[in-house]
Structures are given as structure tokens and as C-alpha cells.
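Residue numbers (the numbering used here), protein chains in the order written: chain C, 2 to 64; chain P, 1042 to 1526.
Simulated from the structure, these hints should not be mistaken for laboratory data. Check before you lean on any hint, since a few could be wrong.
Derived list of chain C stretches under chain P, where covered just means 3 residues or more per stretch with a C-beta under 8 Å from a C-beta of chain P [claimed, not checked]: (1) 11-22; (2) 29-41; (3) 54-62.
The calculated DSS-like cross-link candidates involving lysine-lysine, where the alpha carbons are at most 30 Å apart (straight line), are [unchecked claim]: (4) K1516/P / K29/C; (5) K1395/P / K1516/P; (6) K29/C / K1456/P; (7) K1404/P / K1072/P; (8) K1404/P / K1069/P; (9) K1456/P / K1395/P.
Just so you know, even glycine gets a beta-carbon here, dropped at the ideal spot from N, CA and C.
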Amino acid sequence: MELPVVWANYISIALFLALGVGVWSIPKSAVVPAEYENQSWRDLRLWATGLIFFQIALYAYFS
Amino acid sequence: MHPLDLAVVVAYVALITYVGIRFSQRVKTAKDFFLAGRSLAWWVIGLSIIGTNVDTNGYIGASGNAYSIGIAQANFEWIGAIPAMIIAALIFIPLYWRAGVYSIAEYLGLRYNQAVRVVAASIVVVMSVFAMGVAMWALAITLQTFIGWPIWLGILVSGTVVGLYSVAGGLGAVAITDSIQVCIMFVCGLIIVAIGISDAGGTERFISKLTAENPTHLSAYLPADHESYPWHGVILGLGLVLSPAYWIGSQAILQRTLGARTQWDAGAGMMFAALAKTFVPLLIVFPGLLALVMMAEIEYPDMALPWVIKNVLPVGVSGLMFVAIIAALQSSIDSSINSTALMITRDIRHVLIKNHNPDADLKIGRLLTLGLLLSAMSIAPYIGNLGGIFNFLQSLLSLFQGPMLALLLLGALSKRATGTGGIITLVSGVALAGILSWVIELNMLYVAFFTFCYALPTLWIISGFTQPHSAEHLKTLTYSPWSAR
Chain C
2 MELPVVWANY ISIALFLALG VGVWSIPKSA VVPAEYENQS WRDLRLWATG
52 LIFFQIALYA YFS
Chain P
1042 MHPLDLAVVV AYVALITYVG IRFSQRVKTA KDFFLAGRSL AWWVIGLSII
1092 GTNVDTNGYI GASGNAYSIG IAQANFEWIG AIPAMIIAAL IFIPLYWRAG
1142 VYSIAEYLGL RYNQAVRVVA ASIVVVMSVF AMGVAMWALA ITLQTFIGWP
1192 IWLGILVSGT VVGLYSVAGG LGAVAITDSI QVCIMFVCGL IIVAIGISDA
1242 GGTERFISKL TAENPTHLSA YLPADHESYP WHGVILGLGL VLSPAYWIGS
1292 QAILQRTLGA RTQWDAGAGM MFAALAKTFV PLLIVFPGLL ALVMMAEIEY
1342 PDMALPWVIK NVLPVGVSGL MFVAIIAALQ SSIDSSINST ALMITRDIRH
1392 VLIKNHNPDA DLKIGRLLTL GLLLSAMSIA PYIGNLGGIF NFLQSLLSLF
1442 QGPMLALLLL GALSKRATGT GGIITLVSGV ALAGILSWVI ELNMLYVAFF
1492 TFCYALPTLW IISGFTQPHS AEHLKTLTYS PWSAR
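Bound conformation, chain P alone:
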């Protein structure tokens, strides 16, 4: 690594650590730690949401996919995100914020029952520990590739940096550092676009070079018989089920909106994130297309972004780009750690331990944050060997999305859904998803769509035969803007 690039990296680490630790002085209570004392402004929320959302898969994997399938990869940022983000901003986030909850699982507990709360929180917690290990491992691999650090050193240094501000500063520090990290990511993305277009001889030449050899690379959708991304599956599975389930149900994403200073800031934060999300393909799709236009000699598609960094960017900027990749990973790890600690502290501990002491939440939250970080760091070196288990857990989380979306939609938009209906639908929906996924071996996009189609009427019908909550109880837990408040 060039000394100038190294200086950029060191300056970044120092800045993030300083900002994070400085912010930690504001943390006095569990509410400060988990919800930033409900003080976050809309623009911090928006940037932090994008920082949490874009991870290694987003950066390196999406560039590789774009190299293979073209602009169709951007569907994950457009129809696979924007409609759900708008609905989240206008309907669900105001609802969660008014309910005064710390987590989506807590909302489900109030709206349905505590069994739904614990099941929902437990699945996410188990998955998150492995996901953090994978992210930490990816971060170490990136450090090894660019600066030659051994895996253990990469894990130790990156874990320590993330730990310094996450353990001390909680959500506030996480959100502020995420915001800085996203700004760095966008600056680097725009530099790559500018240099790439310029090197290709202008936009028109870039497009003609790209489409000469790859005529479908500027088509938003791929044919219906495409193995991985058939257009029906993308619209039905991704657009109508997986994306809404993620954007209205992901704790790591939504936690910063629950920490907003006002209800308006919460919704506006998500809307601002949607605006930024529209341009995320410039960061993660364009490098893949650029590698193709510049006829990069790479062994496999995921090498597209590293090739662009090495061969297109000038000294100093390549260091900044390296920082952007680290930033993408760190901002996902820190958010995941904070939200997981919250769910264990409140959604599992508060429900299962009857004599819990709420005053101990801050101390326990910090200890759990540290413990989760150390767990992720311990798992990370072995993640390659745990690949099978991780894929299984990732499939399990996908199985959860269709039924979960049905619970959130009917729970928020109707007073009919009941606790009994909720838990039966959740458990039977996940079982059905398992059969469709592992016995019939259906594409995951279709599994999500069909389980959602099963769960929605099932919840509706079972709820008709079981006891609902009182209208008074549901007043702040259901969305009814057309009725007088």
C-alpha cells in the first residue's frame, strides 16, 4: 500500500474513534445507549440507515453481480427497496414511534403476545451473531488483500475500533460514525464514476462499449427463465415480500428511526435514506460495469471492484476507497451489535426473567455489546468452515420473512389480528417455507411470495375465531389515519 493511502486509512480510523468516544459522554441511561436518548435528526437517521444497509455483499458482491448481469442488479436498490421504504416512512415508522417501543419485536409483543416477541427476537439474534462473524471475516479478508495483514490481526484491529465506539457510545455513536462512513462511500463512488466515464471517453462511449458485447446489461430485468433473477420472482418475491419484510421489520435498520427526536424526523429519515438508496447503484453497480467496459482481466466477477480500485483509482483515492469498503463493513457490524444487544436485553431477558431489574439495562447492554463483539471476533476465523451452518441459518431467516410480513401488515393495518392467530401463523408459515425450500427446492424469491400468500389469509381466518385485544389496547398499535384521533 502506498504511504499516502496508508495515511488516509490511519486518518479515518483516528477520526471514527475520536467521534465515537466523544459521543459516548452523552450516554447516561439505557435509552441513551439503545435509542440515542431519542435525539437523532432526520439526516443522521437517513445516512445511518444506508450505512447499515450496505455491507460487504452490497459492495463487493453487488459489483461482481453487476459485472455478470448488468444493471438488473440495481433492482435490489430500486424496486427491491424504494416502495417499501416509502411505505415504512409514511405508515410503519410513525406507528412504531408513537407506540414508544425500543424494538420491532417489542411492537409485535404488544400487538400480538409475548410468545411472538420472543420467537421473533430469538431468530434474529441467532442469525445476527453469525452474520457479524461473517462481516468481521470479510473485513479481515479485505485488510489481508489490500495491506497484507494476517486474518487474526485484521479481526483484532477492526474489532477493537468498532468496539471502542459501539460499547461506549451506543446507538448515538453508531449513527454518527455511520453518517461519516456513508459520506466517504458516496465521495468515493462519485470519484469512480467520474474517472470511469472520463477514461471510457464520455457517457455515450461508455454505454456503447458496454452494450456492444453485453446487449442486456442495460436492461432492468432479466428473462423469466433466468436461473437466479427471473423477472417474475424479482417483482413478486423481492419487490412485494422480501423488501417490505426487511424495510418494515429489520431491527438493525429501524432502530435509528426509533431513536428520532420527533415522529416527523423518524419518517423523514427513512425517506431521506430512500433518496440516497436511489443512488447507491453508483457505488456498488457501476464499478462492475466499469470493469467490463475496461475489459478487466479478472478470474471471477467478485474481483471487479478490487480490480477497479487497483487499476483505475489514483494514489490517495484508492486509500479512500479502501476506507469506504471498511466503512461499509464497520457500519453494518456496529448496527447489528447494538440492535442484537437490545433484543437480548429487553425482548428476551425482560420477558423470560420475571424479576429482571430494568435499571441494569445499560450495564447489561454494554456487557452484551462487548460479548457479542468478542463472539463475532471468535467465530470469524472459522467462518469458512462454518459456511454450511451459516447458509442454513440464512435460509432460516429467509423462511421467516413471508409470515413475518403478514404479521406486521395485518397487525398494523387491521384490528382483527389476534395473538393466537399470530403465533400459529408464524410457526406454520415458517414450516411451510421449509417444505417449499428444502423439499420442493423452490427458488427463495418464490418461497417468500408463496408463504406470504399463505400467511395473510391464515392469520385473517384464525383471528376470526380467537379473542382479539380490546379496541383501547389497539388504539396506538394500529394505523388508522382516516378515523378521528
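Same shape as in the complex, but just chain C:
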């Protein structure tokens, strides 16, 4: 049985959510050097989260 095309969007969204979980499983010390610890904008996990949410919005919109 063929899945409807819209399932591709759902799968994409699920993959991005899984990626988000993976990103936050990385310890902060591996992403932000000690000298930048107090500068939260340097935490690349936050950058990644923003990108992931934007992608989820795109795949939700173009479904």
C-alpha cells in the first residue's frame, strides 16, 4: 500500500524533531569553548534549534 505524499512531510518533520533531540544530547562543553561560556549566543545548539524550527515550519506549510 502506498503512503500518501503528505506523509513525506510528516516524516521530514519527525526527522527534524529527532535531530533536535540529538543536538541537545551534546554537552554544552563540546559546543561552546570555556572562554565563551557566558555568551549564550555562541551556543551553536541554539542556532541549530532555530534552523530546525524554521525547517519544520517550511515542511508544515508546503504540505
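Model the placement of chain P on the given structure of chain C, informed by the hints.
Chain P alone, transformed into the frame defined by chain C:
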């Protein structure tokens, strides 16, 4: 071409040449030439990555594809890029940067063995020479279409401009000029969007006009029985294999991250590139949709972008757009030349010639850059006749991606993978991909997925029976953020 458009083109060429040559004064060593002296800031890296990534195929081909299949073309910029770029930024780039390598092949050499290094570098080098020839030819065709230059003159002028800053300035000049070129590309893209939406009578009218005749053009995915882009293939082949193999294994892309001033700048550069990549469809997909909405009378889809430039953009801006296309091509050619010269100088010469002189790297790198440029310029006029060979080589590179991804993933994330396992998996994986591709004639997206599925357990199993490197050797070559450093 209108004199104002011509003035824009001349000003662009003068600016790029001036910036590139000025930057060349900083080059004193091979490290300066190949890695910009490890001085690049995150925003330069990010813009340069996008400049390297968007080429003629990206510009003219993607607009044509968008004209035919709609927004589904954007998958190459979204699910076909963003997840892999995030993983590259957080895991692989910090690893490569800490290993202190000049190239991904060098990393593979340290992690596996020198045979894997030479095989990986050789395949990419052969492919790159032809790819540069194609890019140079496309550039000459663009110049012929817009300003009527004969092919030989287009190749000569564009090759000379690229050569002036690439040979003299190395990666630093390439990265800075790429950044300028990407800014021009985005400015032009946004102008096209603004003018296109305005001419169509607003966003809602644009969408209703587009979907009235083409109801699936705003669907991100195409049906499973689509000939070229079935949705399973896009997710499994492109999203899970080809894209990660490219974003964590492409030397031309990753070289600027290895030239970062800090490890954080390297990762942040890729993350910034991912942000820019999200908006690349505005540059390369939107023009195709606009041509459709404006009912462009074109003979074939790849004419969509030239039609938009000619019929939608005002004088001056069309010159800028023409510059953007040249910029897209130049930024891909210059990066390819620099990374190929690096791989020949270090990954092939250093391994195969036992008595090499490392102090000669800068001189050899510059000579190779010039030689590669001249080779590409020589091949370019004949590329139409070499189409069959080029397609074969391009297929060969695709065959390489599934096994290569398995090597990079297991090499970086596990201490189990061994050198013997690496070379056997690489060679047998490419052979399997050849059979799937040419004997069974499977879609390339599925070939990538199935060879990856073969290579991952094969490498795991063979490595269990062969001698691994010592834990001390693997300390800086594997990613283990959860263990105490």
C-alpha cells in the same frame, strides 16, 4: 547589453580582482595559501561555503527544474542540506579542526590508512578537473548568451580573472571574493522576489496564479512513482546519504572551515551557511516559479532564469543579475581549483613521493593552481564532445558517496573501524554501486542509499576481525564528547 549593465559588470570584475590581489600579500607559507593561515572568521566561512555550493547547475538548472516540478526543487536546499550541515557543524568540523588536518582525505589517512587517503583524493581530483572544465564552459556560454562573446574569449577572460586572485591569494582570497559574490547573489535574488511579487499583484495572487494551472507546484514532495524525484528516494537517498556525504566529506566545501581562526568559528561558519542555505531557494527556485506565473514563452525549462533576467529586471539590475550568475560560477571554480591543488600537493604527493620537500608546498600549490586552471580552460571548449565521459565520471563520484559516508561516520563516531576494513569497504562498496547503477539500472538516489546500507555493516564486521589503531592514536580522531577529556 545596455551600457549601464556593462558598467556594472566591469565594476564587479575590477572589484573582485582588486580584493583578491590585495589579499595575496598575506600569503607567505603553504598554510597561508591552502588554509588562509587559519585566520577566517565564521561569517566569511559561511558566505564562502554558499558561494562554493551554488554553481551553474544551482542557478540555471534549479530554476529550470522549479519551472517543471515546483517547490519540490527546494528539497536540495532544505532536507537535502540543513540536517547534514547541522551535524557537520556540531560533530565533524570540530573533529577535523582539532585533528589539525588540511583535508578530509588527510583525516581519512590518519583515521584509516594512507591507501584510503590516496584513493579518496585521486577520485575527487580526476572528477574536479572535468567539473572545472564544465563550469568554465558554462561561464563562457553565459557570456556568449548575454554579451555575445565567442566561447574562447569568455573562457580566456573568466579564466584570467579567476586565476589572478586564486593563484596569488589562495584560500584567503577565494573566501573573501566568494563572500562578496554571495552578497551580490542575495541582493539580486531579493530584487527578483520583490519585483516578481509586485508584478504578479501581491503574494496571494502570485500563489493563486501559480497553483491554478500547477496544483502540485507548492508541494514539497512529489509522488512515489515520479521518475526523477520520488519522495522515498529524496528522503532516503538525498536526505540520509548523498547530502551527509557531501556536507561532511566535500573538500571544496570544508576547506574554509579548516582555515577558521578558532574551532568555534569553524562550526559557526557552517551553521551560518545553513541559515543562508535555507533562503537559497529565493535565488534559484523562485525565478522558475516566476517565469511560470508570468506565462513565459520559453522553449525548455532551463530558459526560465534568462527569461526572467531579460523580461522582468530593469536596466542595471539585469547587469547585476548577470554578475550574480558569473559570481556563482567563479566562486565554485576558484574553490575547486584551490582544494584540488591542495589534495595533489599533500594527499597524493606527500604519500607517493617519499622524499618530498614540505617547504616546496607553496610553490607547488601555486603552480598546480595555475596548471589546473589552464587544464580546465583547455578542456572547456571541448566539453560538449566529452559529455559522455563527464557523465560517466559524475556517476563514478556518486558511486563513491554511500561507502564514503560509512567510512566517515564509523571513523568519527566509533573506535572500532580499522584501516583494512576501510579500504575493503570502500573498494567493494564502489563495485556494488557500479552493479546497482549500470547492471540493475537503479535510480541514483536508491544506489546511494543501498550502498550505504551495505557499507556500514561491512565496515563494522570486517573491523571486528582486523587490527585497530591504538586508543591513544584515536583520541583526537574520534568524537566522544560524553567521555572526560
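Quick rundown of the hints versus the structure:
1. With 5 residues carrying a beta carbon less than 8 Å from a beta carbon of chain P, the segment 11-22 of chain C meets the three-residue requirement, and the given coverage holds.
2. Counting residues of the segment 29-41 of chain C whose beta-carbon sits less than 8 Å from any beta-carbon of chain P gives 6, enough to reach three: the coverage restraint holds.
3. Judged by the Cβ-Cβ criterion of 8 Å, the segment 54-62 of chain C is covered by chain P as claimed, because 4 of its residues qualify and three suffice.
4. As the CA atoms of K1516/P and K29/C are separated by approximately 20 Å, the hinted pair is consistent with the 30 Å bound.
5. Distance restraint check for K1395/P and K1516/P: the Cα-Cα separation of roughly 27 Å lies within the 30 Å cut-off, and the hinted pair is therefore satisfied.
6. Distance restraint check for K29/C and K1456/P: the Cα-Cα separation of roughly 23 Å lies within the 30 Å cut-off, and the hinted pair is therefore satisfied.
7. Taking the CA atoms of K1404/P and K1072/P, the gap is near 12 Å; set against the 30 Å cutoff, the hint holds.
8. For the proposed pair K1404/P and K1069/P, the alpha carbon gap of about 10 Å is at most 30 Å, so the pair holds.
9. With a CA separation close to 29 Å, the supplied pair K1456/P and K1395/P stays within the 30 Å bound.
Of the numbered hints given earlier, the model fails none.
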